[in-house]
Amino acid sequence: MGVIGCTVMTGGTATPNAADAPVFRTSMSRSASASAATSSALAAERAATSTTKAIHAVCETLATGSADAVSAVNTYVSAVNGDGDVEAAKKPAVDALNNSADNVEKTLSDPVTGDLRDALTAWVTASRATATAITTDAAPADFNTAVDQVNTTRKRALELCDATYR
94 MGVIGCTVMT GGTATPNAAD APVFRTSMSR SASASAATSS ALAAERAATS TTKAIHAVCE
154 TLATGSADAV SAVNTYVSAV NGDGDVEAAK KPAVDALNNS ADNVEKTLSD PVTGDLRDAL
214 TAWVTASRAT ATAITTDAAP ADFNTAVDQV NTTRKRALEL CDATYR
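So for the sequence shown, the numbering used here puts the first residue at 94; every next one is plus one.
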(Lines of atoms letter the chains of each structure in order from A and count residues from 1; the text may use other names and numbers.)
(Lines give C-alpha, C1' and ligand atoms only; values in the text may rest on other atoms or scores of the structure.)
Protein backbone atom coordinates (compact mmCIF):
# COMPACT_ATOMS: atom_id res chain seq x y z
CA MET A 1 0.00 0.00 0.00
CA GLY A 2 1.30 3.45 -0.83
CA VAL A 3 0.47 6.94 0.31
CA ILE A 4 0.09 9.70 -2.22
CA GLY A 5 0.06 13.39 -1.30
CA CYS A 6 1.24 16.85 -2.22
CA THR A 7 4.83 17.71 -1.51
CA VAL A 8 4.66 21.40 -2.25
CA MET A 9 2.61 24.02 -0.40
CA THR A 10 1.22 26.89 -2.42
CA GLY A 11 1.51 30.27 -0.84
CA GLY A 12 -1.05 33.03 -0.82
CA THR A 13 -4.44 33.83 0.62
CA ALA A 14 -7.60 32.03 -0.37
CA THR A 15 -10.27 34.32 -1.79
CA PRO A 16 -13.65 33.45 -3.27
CA ASN A 17 -14.17 33.86 -6.98
CA ALA A 18 -17.00 36.42 -6.89
CA ALA A 19 -17.87 35.86 -10.55
CA ASP A 20 -18.32 32.08 -10.20
CA ALA A 21 -20.05 32.08 -6.79
CA PRO A 22 -23.63 32.68 -8.11
CA VAL A 23 -23.22 29.94 -10.71
CA PHE A 24 -21.92 27.57 -8.03
CA ARG A 25 -24.85 28.41 -5.69
CA THR A 26 -27.37 27.82 -8.49
CA SER A 27 -25.73 24.52 -9.35
CA MET A 28 -25.81 23.40 -5.71
CA SER A 29 -29.45 24.47 -5.35
CA ARG A 30 -30.46 22.50 -8.45
CA SER A 31 -28.52 19.50 -7.26
CA ALA A 32 -30.21 19.63 -3.84
CA SER A 33 -33.66 19.95 -5.47
CA ALA A 34 -32.99 17.02 -7.78
CA SER A 35 -31.75 14.95 -4.86
CA ALA A 36 -34.87 15.77 -2.82
CA ALA A 37 -37.14 14.88 -5.74
CA THR A 38 -35.34 11.58 -6.26
CA SER A 39 -35.54 10.82 -2.55
CA SER A 40 -39.28 11.59 -2.52
CA ALA A 41 -39.85 9.40 -5.56
CA LEU A 42 -37.96 6.52 -3.96
CA ALA A 43 -39.92 6.90 -0.71
CA ALA A 44 -43.20 6.90 -2.64
CA GLU A 45 -42.10 3.80 -4.55
CA ARG A 46 -41.21 2.00 -1.31
CA ALA A 47 -44.59 2.93 0.19
CA ALA A 48 -46.42 1.69 -2.91
CA THR A 49 -44.48 -1.58 -2.83
CA SER A 50 -45.29 -2.03 0.85
CA THR A 51 -48.98 -1.38 0.19
CA THR A 52 -49.04 -3.81 -2.73
CA LYS A 53 -47.41 -6.52 -0.60
CA ALA A 54 -49.94 -5.98 2.20
CA ILE A 55 -52.87 -6.12 -0.22
CA HIS A 56 -51.61 -9.25 -1.95
CA ALA A 57 -50.95 -10.97 1.38
CA VAL A 58 -54.48 -10.44 2.67
CA CYS A 59 -55.99 -11.30 -0.72
CA GLU A 60 -54.07 -14.58 -0.87
CA THR A 61 -55.20 -15.35 2.67
CA LEU A 62 -58.81 -14.69 1.69
CA ALA A 63 -58.59 -16.74 -1.50
CA THR A 64 -57.20 -19.87 0.14
CA GLY A 65 -59.07 -19.68 3.43
CA SER A 66 -62.44 -18.84 1.95
CA ALA A 67 -62.13 -21.67 -0.57
CA ASP A 68 -61.60 -24.10 2.32
CA ALA A 69 -64.56 -22.57 4.18
CA VAL A 70 -66.86 -22.81 1.16
CA SER A 71 -65.90 -26.45 0.66
CA ALA A 72 -66.58 -27.27 4.32
CA VAL A 73 -69.92 -25.42 4.28
CA ASN A 74 -70.92 -27.26 1.10
CA THR A 75 -70.18 -30.56 2.84
CA TYR A 76 -72.34 -29.43 5.78
CA VAL A 77 -75.19 -28.42 3.43
CA SER A 78 -74.99 -31.82 1.72
CA ALA A 79 -75.22 -33.50 5.12
CA VAL A 80 -78.24 -31.38 6.09
CA ASN A 81 -79.87 -32.33 2.79
CA GLY A 82 -79.61 -35.99 3.77
CA ASP A 83 -76.28 -36.92 2.24
CA GLY A 84 -74.23 -37.38 5.39
CA ASP A 85 -73.72 -36.95 9.11
CA VAL A 86 -74.82 -33.41 10.04
CA GLU A 87 -73.04 -33.39 13.41
CA ALA A 88 -69.79 -34.64 11.87
CA ALA A 89 -69.95 -31.94 9.17
CA LYS A 90 -70.87 -29.10 11.53
CA LYS A 91 -67.54 -28.61 13.35
CA PRO A 92 -65.33 -28.59 10.23
CA ALA A 93 -67.62 -25.99 8.60
CA VAL A 94 -67.66 -23.76 11.68
CA ASP A 95 -63.90 -24.11 12.17
CA ALA A 96 -63.13 -23.36 8.51
CA LEU A 97 -65.32 -20.24 8.55
CA ASN A 98 -63.87 -18.94 11.82
CA ASN A 99 -60.26 -19.82 10.95
CA SER A 100 -60.52 -18.13 7.60
CA ALA A 101 -62.12 -15.04 9.16
CA ASP A 102 -59.42 -14.94 11.86
CA ASN A 103 -56.61 -15.27 9.32
CA VAL A 104 -57.99 -12.55 7.06
CA GLU A 105 -58.48 -10.27 10.04
CA LYS A 106 -54.90 -10.89 11.25
CA THR A 107 -53.46 -10.26 7.79
CA LEU A 108 -55.53 -7.11 7.22
CA SER A 109 -53.03 -4.32 7.91
CA ASP A 110 -53.06 -0.51 7.81
CA PRO A 111 -51.91 -0.15 4.18
CA VAL A 112 -55.12 -1.92 3.06
CA THR A 113 -57.72 0.83 2.89
CA GLY A 114 -60.94 1.93 1.23
CA ASP A 115 -63.34 -0.37 -0.56
CA LEU A 116 -61.04 -3.38 -0.31
CA ARG A 117 -60.70 -3.04 3.46
CA ASP A 118 -64.48 -2.64 3.77
CA ALA A 119 -65.12 -5.69 1.58
CA LEU A 120 -62.67 -7.85 3.54
CA THR A 121 -64.15 -6.72 6.85
CA ALA A 122 -67.66 -7.47 5.55
CA TRP A 123 -66.54 -10.95 4.56
CA VAL A 124 -65.04 -11.57 8.01
CA THR A 125 -68.31 -10.49 9.63
CA ALA A 126 -70.44 -12.60 7.27
CA SER A 127 -68.19 -15.62 7.74
CA ARG A 128 -68.55 -15.45 11.51
CA ALA A 129 -72.31 -14.95 11.21
CA THR A 130 -72.56 -18.07 9.07
CA ALA A 131 -70.50 -20.03 11.60
CA THR A 132 -72.92 -18.86 14.30
CA ALA A 133 -75.91 -19.87 12.15
CA ILE A 134 -74.47 -23.37 11.84
CA THR A 135 -73.58 -23.61 15.54
CA THR A 136 -77.04 -22.49 16.66
CA ASP A 137 -78.90 -24.64 14.13
CA ALA A 138 -80.52 -21.55 12.65
CA ALA A 139 -83.75 -21.89 10.72
CA PRO A 140 -83.18 -22.73 7.06
CA ALA A 141 -84.20 -19.23 5.90
CA ASP A 142 -81.76 -17.61 8.36
CA PHE A 143 -78.99 -20.01 7.40
CA ASN A 144 -79.56 -19.36 3.69
CA THR A 145 -79.46 -15.60 4.31
CA ALA A 146 -76.13 -15.99 6.12
CA VAL A 147 -74.70 -18.14 3.32
CA ASP A 148 -75.90 -15.66 0.69
CA GLN A 149 -74.12 -12.89 2.61
CA VAL A 150 -70.89 -14.92 2.77
CA ASN A 151 -71.07 -15.60 -0.95
CA THR A 152 -71.83 -11.98 -1.83
CA THR A 153 -69.10 -10.50 0.37
CA ARG A 154 -66.56 -13.11 -0.76
CA LYS A 155 -67.29 -12.41 -4.42
CA ARG A 156 -66.94 -8.64 -3.89
CA ALA A 157 -63.69 -8.95 -1.93
CA LEU A 158 -62.16 -11.32 -4.48
CA GLU A 159 -63.15 -9.02 -7.36
CA LEU A 160 -61.42 -6.10 -5.63
CA CYS A 161 -58.41 -8.31 -4.90
CA ASP A 162 -58.21 -9.41 -8.54
CA ALA A 163 -58.22 -5.76 -9.62
CA THR A 164 -55.03 -5.14 -7.61
CA TYR A 165 -53.12 -7.61 -9.80
CA ARG A 166 -53.94 -5.75 -13.02
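Hints should not be assumed to be uniformly reliable.
[Stated by the list, open to error] Below, computed lysine-lysine pairings styled on DSSO-like, alpha-carbon distance capped at 27 Å: (1) Lys183 to Lys248; (2) Lys248 to Lys146; (3) Lys248 to Lys184; (4) Lys146 to Lys199; (5) Lys199 to Lys184; (6) Lys183 to Lys146; (7) Lys199 to Lys183.
[Claimed, not checked] Derived Cβ-Cβ restraints for the label pairs, each shown as a range: (8) Ala160 to Thr238: 19 to 29 Å; (9) Gly177 to Ser202: 35 to 45 Å; (10) Arg123 to Thr214: 44 to 54 Å; (11) Asn237 to Ser202: 15 to 25 Å; (12) Asp188 to Ala234: 16 to 26 Å; (13) Thr245 to His149: 19 to 29 Å; (14) Ala160 to Thr206: 38 to 48 Å; (15) Tyr258 to Thr229: 16 to 26 Å; (16) Asp255 to Asp203: 15 to 25 Å; (17) Ala156 to Pro233: 21 to 31 Å; (18) Thr245 to Arg123: 47 to 57 Å; (19) Ser164 to Ser202: 25 to 35 Å; (20) Gly175 to Thr214: 28 to 38 Å.
Treat the hints as calculated values from the structure; they're not laboratory data. Virtual Cβ for every residue (Gly too), placed ideally from N, Cα, C.
Hints, verified against the model:
no. : hint                         : result
1   : Lys183 to Lys248             : holds (23 Å)
2   : Lys248 to Lys146             : holds (21 Å)
3   : Lys248 to Lys184             : holds (24 Å)
4   : Lys146 to Lys199             : holds (15 Å)
5   : Lys199 to Lys184             : holds (22 Å)
6   : Lys183 to Lys146             : violated (35 Å)
7   : Lys199 to Lys183             : holds (24 Å)
8   : Ala160 to Thr238: 19 to 29 Å : holds (22 Å)
9   : Gly177 to Ser202: 35 to 45 Å : holds (39 Å)
10  : Arg123 to Thr214: 44 to 54 Å : holds (47 Å)
11  : Asn237 to Ser202: 15 to 25 Å : violated (33 Å)
12  : Asp188 to Ala234: 16 to 26 Å : holds (24 Å)
13  : Thr245 to His149: 19 to 29 Å : holds (23 Å)
14  : Ala160 to Thr206: 38 to 48 Å : violated (25 Å)
15  : Tyr258 to Thr229: 16 to 26 Å : violated (38 Å)
16  : Asp255 to Asp203: 15 to 25 Å : holds (22 Å)
17  : Ala156 to Pro233: 21 to 31 Å : holds (29 Å)
18  : Thr245 to Arg123: 47 to 57 Å : holds (56 Å)
19  : Ser164 to Ser202: 25 to 35 Å : holds (27 Å)
20  : Gly175 to Thr214: 28 to 38 Å : holds (36 Å)
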